[in-house]
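There are 4 protein chains.
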Amino acid sequence: MNANEKTYILSGSSASKLGVLDLIIGCLYKHECYAYEIHTFDDDDVERFFFRVEFRYIGAGELAEESLRSQFGDRAEAFDAVWDLRDSSTPDKVVILVSKYDHCLQDILHRHSIGALNIEIPAIISNHPDLKRLAEWYNIPYYHLPITAETKPQQEAAIWDIIQKVDADLVVLARYMQVLSDDMCKKLHGRAINIHHSLLPGFKGAKPYHQAYEKGVKLVGATAHYVSKDLDEGPIITQGVEPVDHTYTPDRLVAKGRDTERLALAKAIKMHVERRCFLNGNKTIVFPGH
Amino acid sequence: MNANEKTYILSGSSASKLGVLDLIIGCLYKHECYAYEIHTFDDDDVERFFFRVEFRYIGAGELAEESLRSQFGDRAEAFDAVWDLRDSSTPDKVVILVSKYDHCLQDILHRHSIGALNIEIPAIISNHPDLKRLAEWYNIPYYHLPITAETKPQQEAAIWDIIQKVDADLVVLARYMQVLSDDMCKKLHGRAINIHHSLLPGFKGAKPYHQAYEKGVKLVGATAHYVSKDLDEGPIITQGVEPVDHTYTPDRLVAKGRDTERLALAKAIKMHVERRCFLNGNKTIVFPGH
Amino acid sequence: MNANEKTYILSGSSASKLGVLDLIIGCLYKHECYAYEIHTFDDDDVERFFFRVEFRYIGAGELAEESLRSQFGDRAEAFDAVWDLRDSSTPDKVVILVSKYDHCLQDILHRHSIGALNIEIPAIISNHPDLKRLAEWYNIPYYHLPITAETKPQQEAAIWDIIQKVDADLVVLARYMQVLSDDMCKKLHGRAINIHHSLLPGFKGAKPYHQAYEKGVKLVGATAHYVSKDLDEGPIITQGVEPVDHTYTPDRLVAKGRDTERLALAKAIKMHVERRCFLNGNKTIVFPGH
Amino acid sequence: MNANEKTYILSGSSASKLGVLDLIIGCLYKHECYAYEIHTFDDDDVERFFFRVEFRYIGAGELAEESLRSQFGDRAEAFDAVWDLRDSSTPDKVVILVSKYDHCLQDILHRHSIGALNIEIPAIISNHPDLKRLAEWYNIPYYHLPITAETKPQQEAAIWDIIQKVDADLVVLARYMQVLSDDMCKKLHGRAINIHHSLLPGFKGAKPYHQAYEKGVKLVGATAHYVSKDLDEGPIITQGVEPVDHTYTPDRLVAKGRDTERLALAKAIKMHVERRCFLNGNKTIVFPGH
Chain U
1 MNANEKTYIL SGSSASKLGV LDLIIGCLYK HECYAYEIHT FDDDDVERFF
51 FRVEFRYIGA GELAEESLRS QFGDRAEAFD AVWDLRDSST PDKVVILVSK
101 YDHCLQDILH RHSIGALNIE IPAIISNHPD LKRLAEWYNI PYYHLPITAE
151 TKPQQEAAIW DIIQKVDADL VVLARYMQVL SDDMCKKLHG RAINIHHSLL
201 PGFKGAKPYH QAYEKGVKLV GATAHYVSKD LDEGPIITQG VEPVDHTYTP
251 DRLVAKGRDT ERLALAKAIK MHVERRCFLN GNKTIVFPGH
Chain E
1 MNANEKTYIL SGSSASKLGV LDLIIGCLYK HECYAYEIHT FDDDDVERFF
51 FRVEFRYIGA GELAEESLRS QFGDRAEAFD AVWDLRDSST PDKVVILVSK
101 YDHCLQDILH RHSIGALNIE IPAIISNHPD LKRLAEWYNI PYYHLPITAE
151 TKPQQEAAIW DIIQKVDADL VVLARYMQVL SDDMCKKLHG RAINIHHSLL
201 PGFKGAKPYH QAYEKGVKLV GATAHYVSKD LDEGPIITQG VEPVDHTYTP
251 DRLVAKGRDT ERLALAKAIK MHVERRCFLN GNKTIVFPGH
Chain S
1 MNANEKTYIL SGSSASKLGV LDLIIGCLYK HECYAYEIHT FDDDDVERFF
51 FRVEFRYIGA GELAEESLRS QFGDRAEAFD AVWDLRDSST PDKVVILVSK
101 YDHCLQDILH RHSIGALNIE IPAIISNHPD LKRLAEWYNI PYYHLPITAE
151 TKPQQEAAIW DIIQKVDADL VVLARYMQVL SDDMCKKLHG RAINIHHSLL
201 PGFKGAKPYH QAYEKGVKLV GATAHYVSKD LDEGPIITQG VEPVDHTYTP
251 DRLVAKGRDT ERLALAKAIK MHVERRCFLN GNKTIVFPGH
Chain Y
1 MNANEKTYIL SGSSASKLGV LDLIIGCLYK HECYAYEIHT FDDDDVERFF
51 FRVEFRYIGA GELAEESLRS QFGDRAEAFD AVWDLRDSST PDKVVILVSK
101 YDHCLQDILH RHSIGALNIE IPAIISNHPD LKRLAEWYNI PYYHLPITAE
151 TKPQQEAAIW DIIQKVDADL VVLARYMQVL SDDMCKKLHG RAINIHHSLL
201 PGFKGAKPYH QAYEKGVKLV GATAHYVSKD LDEGPIITQG VEPVDHTYTP
251 DRLVAKGRDT ERLALAKAIK MHVERRCFLN GNKTIVFPGH
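Protein chains in written order, with the UniProt record's numbering: chain U, 1 to 290; chain E, 1 to 290; chain S, 1 to 290; chain Y, 1 to 290.
What the hints contain is simulated information worked out from the structure, not anything from laboratory work.
Because identical chains cannot be distinguished in the list, a pair is counted as satisfied if it fits within a single copy or across any two copies.
In silico DSSO-like links for lysine-lysine, alpha-carbon gap of 30 Å or less: (1) K165 / K270; (2) K270 / K283; (3) K283 / K207; (4) K270 / K132.
Assemble the whole structure, with the sequences as input and the hints as a guide.
Written out as structure tokens, the structure reads:
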């Protein structure tokens with residue numbers, strides 16, 4: 001591929017019916033779009049067909065994007081299709097929520113700074129002031145919004161205002177340590193990712209590494225998942241795991257888990273923003289990526 | 001090490017008190033025993049000290065084993081020690097319980113046949129006749145003991161008779177698919193290993209791969225653990241894990257899991273028979289091995 | 001999917017040109033074939049497009065397979081396409097070559113016996129008699145063809161006769177321990193898989209575990225690759241790896257490696273027979289599978 | 001363990017002779033030192049016995065450290081022992097060398113900042129100015145020492161001056177991208193760790209990810225090793241590995257490798273400063289740690 005050529009991603013899902021794929025590929029062909037990477041999945045349980053097509057325009061001038069959208073869109077309705085067409089180079093706008101632990105935030109900011117994550121970060125929001133200096137070093141606006149049991153609704157409203165204002169595509173809870181309200185979960189459906197510090201569904205709720213210690217497990221892990229109103233029950237995107245043994249005290253499990261957490265979360269964000277990740281009821285489809 | 005030299009393992013636990021290690025090493029020194037591999041662990045929670053010492057006798061003639069036993073044993077009492085001294089070459093006698101699935105049994109028998117597990121297998125017991133031919137190929141007595149809800153006590157009694165008769169050191173439930181009675185669990189305390197086809201405590205009980213499918217996890221695993229009267233709650237010895245994705249149907253998870261199960265179980269057996277594995281309440285200590 | 005429905009795989013490669021995908025999907029559509037799993041890869045270096053499409057016929061009666069073949073084939077020529085269409089249920093005929101080590105053979109035969117590998121095994125060939133009893137247990141013809149420096153050409157000719165006679169689709173060197181002649185390698189191009197007991201290109205040639213011991217590596221692995229005339233240089237299909245430490249003597253590395261070898265080889269066979277694996281110069285493309 | 005109690009590490013090696021262990025344990029016992037974690041290894045090839053004992057003083061007042069040193073030291077000579085006794089809480093002084101890539105440096109600095117690595121970092125040295133701002137953020141002196149073919153000796157002399165001045169215990173080449181002179185390697189023998197971005201001995205020298213791409217390997221890794229005068233041949237401490245496939249271009253391999261590199265390097269540093277790591281000719285012994 002010529003590195004200067006624009007690339008696009010057409011992704012979505014439809015009813016599991018003959019013809020939808022012919023429609024996708026046919027529209028691309030007619031618009032002189034060369035599809036070089038295709039992944040599909042057909043879920044028999046729910047009779048939905050999931051697709052992700054990466055392509056580049058190889059004709060003269062510019063891709064007639066609107067024509068492609070309307071031609072595909074008009075006929076896609078018959079297949080009950082939900083779809084998204086985007087220029088691959090456009091970064092998603094990601095708002096990050098944190099508390100005091102900095103390992104996941106550090107990791108995301110570093111990846112962002114070296115171009116390993118195609119995102120913009122218009123805001124970092126925290127209920128603590130601790131990570132302000134870090135945000136500033138990366139020139140990212142930091143919003144300190146303290147929270148108490150009484151002020152929770154107002155604080156969430158303030159968070160929501162920022163999300164709205166910056167027009168966020170994705171919200172990442174990078175060890176935020178606060179439970180979002182049902183209403184907030186609903187508003188962020190399919191576009192909020194949390195990292196939980198255990199191999200779900202093994203150890204839900206608080207202090208999972210302490211739970212793991214008590215249980216004497218020989219593997220500990222982390223789970224990145226879409227946020228849902230049922231705590232630690234949202235659709236799983238990625239999971240990481242590391243071997244441990246009897247010498248791991250809770251503190252050592254916490255330390256060990258940091259790497260697993262940040263890798264699982266970074267992978268989940270990457271898969272999401274590259275449109276490799278699809279919600280499918282309480283599960284996800286994640287097409288292969290790097 | 002001269003391959004012909006006899007090696008021994010002294011393993012056990014004691015109160016966490018100064019002097020026990022000096023006692024162990026001192027006794028070995030006086031008996032001209034060269035300790036070449038030592039691992040210890042001190043559990044602060046329960047104030048017990050766990051040790052495993054591999055050594056060889058380097059003096060003239062034979063090791064005065066009885067003298068070593070009595071000298072060590074007499075003084076070890078003061079440290080509330082539980083200990084075991086054995087010739088490394090002596091194989092444990094292992095009785096294997098199976099149902100119809102053969103992958104774990106195949107694996108154990110193959111390892112045994114090529115000398116990768118230092119065990120004897122005096123009996124394979126099953127509630128089904130299916131694996132008789134396999135047992136015979138390896139020249140191992142196969143006991144077909146069918147079970148029904150009504151005959152469960154008698155069947156277990158028959159199993160127990162065999163275990164007694166062959167003087168089994170260890171009982172391995174290699175996908176046996178039957179729940180042992182509380183009484184049987186008690187009698188086999190610390191010397192029965194089960195393989196559960198999930199990453200405990202994630203998916204207890206029946207059909208864990210179906211549970212994993214419903215939950216949409218991205219990792220599936222297996223857990224080898226000591227049998228306890230609380231089903232799938234026994235002390236964990238080893239756990240294995242493999243990545244999966246949305247394309248794994250329950251059948252494919254079952255297929256994927258077979259390798260994880262057999263590897264986790266084989267490792268657990270090896271650690272146990274090499275005296276690397278110690279019960280510690282509802283947890284285990286597993287010292288490094290191969 | 002209805003389990004009784006026939007499924008097919010259309011796989012191959014073509015020039016990286018606009019239109020080939022439209023051709024594939026269009027032909028399938030016209031023949032009422034529902035493509036439920038698609039993977040593609042475009043190699044910029046060599047300008048080849050690789051594709052694998054799994055589909056089922058959903059029309060009335062039977063798929064007009066010949067019509068599909070001719071419609072697709074005629075137009076595929078313009079894209080310099082190499083392709084294969086097959087009924088997914090048809091097993092490949094696999095001839096296995098072994099020496100004395102049985103772990104890889106045991107593994108393949110067991111997977112075959114439980115239906116985990118969709119293959120037939122019309123012949124096992126060995127330069128030693130040792131594994132005859134195992135082959136017989138599985139009711140597979142065993143050919144003992146001893147080899148010496150002098151008789152090598154004749155022995156290879158005898159092997160080739162068997163491969164021809166049984167019309168083998170694939171030849172698997174399951175720790176065969178003999179180097180095939182250049183001529184034999186050429187004849188088996190793209191349809192012979194070897195398992196090498198190291199992480200290539202790390203330790204080529206003989207006794208790789210001893211090499212690994214001398215070097216003090218902390219990971220050992222195995223590599224399944226297509227056979228080429230340059231020893232241990234063939235296109236890599238799968239690689240497995242396990243952590244080791246300073247306590248691993250060469251013997252222990254050998255023992256550890258057995259599991260890695262058999263898993264890497266079994267995976268490579270599965271990917272090959274499911275048409276997920278493509279030769280691409282001295283490399284391979286392996287589309288996701290289970 | 002009472003968190004306030006001082007802990008110590010006695011580590012080293014001796015001839016493989018009866019009596020050395022009795023000496024170690026006996027001296028500790030007499031000085032009222034409770035050894036709670038012991039690991040030993042006996043290398044038959046070179047007839048050396050390696051040991052690491054963690055203990056705490058449980059008597060009244062303070063440990064008579066000098067008495068322990070002299071009693072042990074005097075008698076240890078007869079066993080040709082090389083040993084080190086240290087207070088566990090004393091941090092090693094680590095000088096870090098970098099070029100322009102920041103991922104390993106970021107990782108080490110972050111771990112240091114949260115107390116995950118018990119080290120001091122008195123100096124960061126680079127042949128480029130790029131990472132100065134990062135060093136300053138962590139309040140660590142940054143020395144920019146440019147290098148050309150002509151100025152290499154002077155630059156190395158300047159590096160050596162800094163190492164001497166800060167009395168460095170360890171030098172870490174965190175993707176330094178420069179080859180040290182033989183003389184420098186000699187001076188840093190056993191106390192300089194490099195991270196190489198491949199699974200040694202697979203791809204030595206420059207651009208290992210490009211080599212891996214050309215070879216089509218299915219796993220890429222990183223190797224942390226002690227620096228020796230033979231480039232990329234030093235004793236291996238840790239290795240990490242990640243699966244890749246045909247879609248990984250050299251750029252994507254580089255990106256994938258970053259995580260493997262930083263984890264392997266951080267682990268190696270931790271093992272070294274906790275005295276778990278021993279040089280043994282061209283290999284290492286690494287006792288279990290977290």
